[in-house]
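Student: Please arrange chain R on chain V, whose structure you already have, making use of the hints.
2 protein chains.
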Amino acid sequence: MSDIWSLGIQRLLARVNSFHQPGSSKSKCKSFLCHTEHIGWIREDAANQLRRYSNVFIEHSDRFTLADHLNTYESRSEAVAKVLNDMRARDCLKTLRGWRDELYLVKSTYNRSPLFEIERSAASIFGIRKYGSHLNGYVIDDDGTWRMWIGKRSATKQTFPGMYDNLAAGGLSHNLTPTECMIKECEEEAQIPKALATEKLKAVGAISYCYEDDDGIHPEGEFLYDIQLPTSFTPNNADSEMEKFYLWTIPEVKQAIIEDNFKPNCAVAVLDFLIRHSFITPEQESNYFDILSQIHMPGH
Amino acid sequence: MSDIWSLGIQRLLARVNSFHQPGSSKSKCKSFLCHTEHIGWIREDAANQLRRYSNVFIEHSDRFTLADHLNTYESRSEAVAKVLNDMRARDCLKTLRGWRDELYLVKSTYNRSPLFEIERSAASIFGIRKYGSHLNGYVIDDDGTWRMWIGKRSATKQTFPGMYDNLAAGGLSHNLTPTECMIKECEEEAQIPKALATEKLKAVGAISYCYEDDDGIHPEGEFLYDIQLPTSFTPNNADSEMEKFYLWTIPEVKQAIIEDNFKPNCAVAVLDFLIRHSFITPEQESNYFDILSQIHMPGH
Chain V
93 MSDIWSLGIQ RLLARVNSFH QPGSSKSKCK SFLCHTEHIG WIREDAANQL
143 RRYSNVFIEH SDRFTLADHL NTYESRSEAV AKVLNDMRAR DCLKTLRGWR
193 DELYLVKSTY NRSPLFEIER SAASIFGIRK YGSHLNGYVI DDDGTWRMWI
243 GKRSATKQTF PGMYDNLAAG GLSHNLTPTE CMIKECEEEA QIPKALATEK
293 LKAVGAISYC YEDDDGIHPE GEFLYDIQLP TSFTPNNADS EMEKFYLWTI
343 PEVKQAIIED NFKPNCAVAV LDFLIRHSFI TPEQESNYFD ILSQIHMPGH
Chain R
93 MSDIWSLGIQ RLLARVNSFH QPGSSKSKCK SFLCHTEHIG WIREDAANQL
143 RRYSNVFIEH SDRFTLADHL NTYESRSEAV AKVLNDMRAR DCLKTLRGWR
193 DELYLVKSTY NRSPLFEIER SAASIFGIRK YGSHLNGYVI DDDGTWRMWI
243 GKRSATKQTF PGMYDNLAAG GLSHNLTPTE CMIKECEEEA QIPKALATEK
293 LKAVGAISYC YEDDDGIHPE GEFLYDIQLP TSFTPNNADS EMEKFYLWTI
343 PEVKQAIIED NFKPNCAVAV LDFLIRHSFI TPEQESNYFD ILSQIHMPGH
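So the sequences go chain by chain: V and R.
When the first sequence is numbered by our numbering, its final residue is 392 and no position is left out of the sequence of numbers.
When the second sequence is numbered by our numbering, its final residue is 392 and no position is left out of the sequence of numbers.
So here's chain V without its partners, still in its complex pose (with noise of 0.2 Å):
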């Protein structure tokens, strides 16, 4: 692998991994925890504006916690709801803008129970982790040639428009498991048919980082899924998110996870596809020891 590969990888890692990285917010944060269970990371902007509801949240040296008389599901979704309310109505954190009116479950692992509910855009403002699940589809020619489908988003999506992407991605809803989700995405974003990805949808891992930005902190994990897909098959979009699919040769692909027109998590989704199936070996790529653990973060 050239140096300037490498490098575009480093960039790349140290983009979805911006809260990890020297200089980062991370050593001014304070843990967020409910009862002891670790749930996020507050930093000085949010920490600012919670310091306003002393009733709900409780700061300490080093971490915030809920009050201790919030402690059922219900108690602790309804404060934070009303504070949530409070604060887009005094428009005082960025991320409420884009509020969804979609609730998020709180949960300190993804095996545990929720603790709570909370506005899926105000997850930033917490440092609490969401999830998704990642689909890198591939057909192998006759000659043996791998190519993979790459997703080009619509110029019209909110995130990331107009950003090459995986064949199918999702954000996780407390409603479908991981794979569930994995196969509804393939129906809506490339028109899998529900048997064909029920038969050929492989679970192969998953990946974990942290960025920040402007709209706080976003630790995110991601279920991967591969999927060999006959020759015959051409993908197609049903739910207007993605504007065209491309079929690029592995050079092709590899080149364009470097570059800054493929969402980067998408573009670690790929990476680990490319790594999973020996298209980079350590002799190739001198990071490759250290690639494994950056898109594999412990979640704190």
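What the hints contain is simulated information worked out from the structure, not anything from laboratory work.
Relax, there's no trap hidden among the hints.
Since the list can't tell identical chains apart, any single copy or any two copies may satisfy a pair.
Calculated lysine-lysine pairs in the DSS-like style (CA-CA distance at most 30 Å, straight line):
| no. | residue 1 | residue 2 |
| --- | --- | --- |
| 1 | Lys118 | Lys199 |
| 2 | Lys249 | Lys276 |
| 3 | Lys292 | Lys346 |
| 4 | Lys199 | Lys294 |
| 5 | Lys249 | Lys186 |
| 6 | Lys346 | Lys199 |
| 7 | Lys118 | Lys222 |
| 8 | Lys222 | Lys186 |
| 9 | Lys118 | Lys174 |
| 10 | Lys244 | Lys336 |
| 11 | Lys346 | Lys294 |
| 12 | Lys174 | Lys186 |
| 13 | Lys276 | Lys199 |
| 14 | Lys292 | Lys244 |
| 15 | Lys355 | Lys294 |
| 16 | Lys346 | Lys244 |
| 17 | Lys276 | Lys222 |
Tutor: Showing chain R alone in chain V's frame:
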């Protein structure tokens, strides 16, 4: 996956990551740096000894560093060797009883230049990371059933005698790349001919973990390889390190890796294989997401 299996996997991961568990020595350890590069961890038992050599090891409030005058590879290697020889003569640290007379190159990350060299058995005194290459070998029967080749270590091996192991594995030394090491171990441990290994070996990732024991702190990294072998091939040990090889079904392998007689880091290499090949899914295994981080722990 059953709750018993889930708990077995959590127990396995707690063993290979014992340094990262609550109650470990981690919070009381000091970092070990060469200039500004973090290269390891020093536990109190090691610190007590190193304090006797304050011309070589400088103690600060939160870290040990090498003395400023040790500013070349040679001077660092020589000064540390003198200390280790003295400590060995005094028989003050157990790990030095396993003196190997083999030099190991100390680097802050796998791809950096070596900073100095030390006797291999002393790496755990300083919590310096060691690397290896591990191979998961499998066959696919005519009916599509996968089976894995599992080795059983010989009863006379110095470490983990009689325990189950991967098809081949070995520690990296400075004169071989991960893939070269893997090809060599294929021949020595399983009599996989070099031509077959070179053609069929696939680099598929790496695992990373850190345990501690009486010998010290052991951050380890293993480069992982898969090989699909012809059903006609039977591995055979050439260097008397393996007693026998078994060809097990996936359910047999799954059960084996949670048992105490499977070498823990080899069990983790198998776990990674089972995840990558979709023999474990997020729906079957509730800790799926966290397992992926636990087997790819960052260095420091």
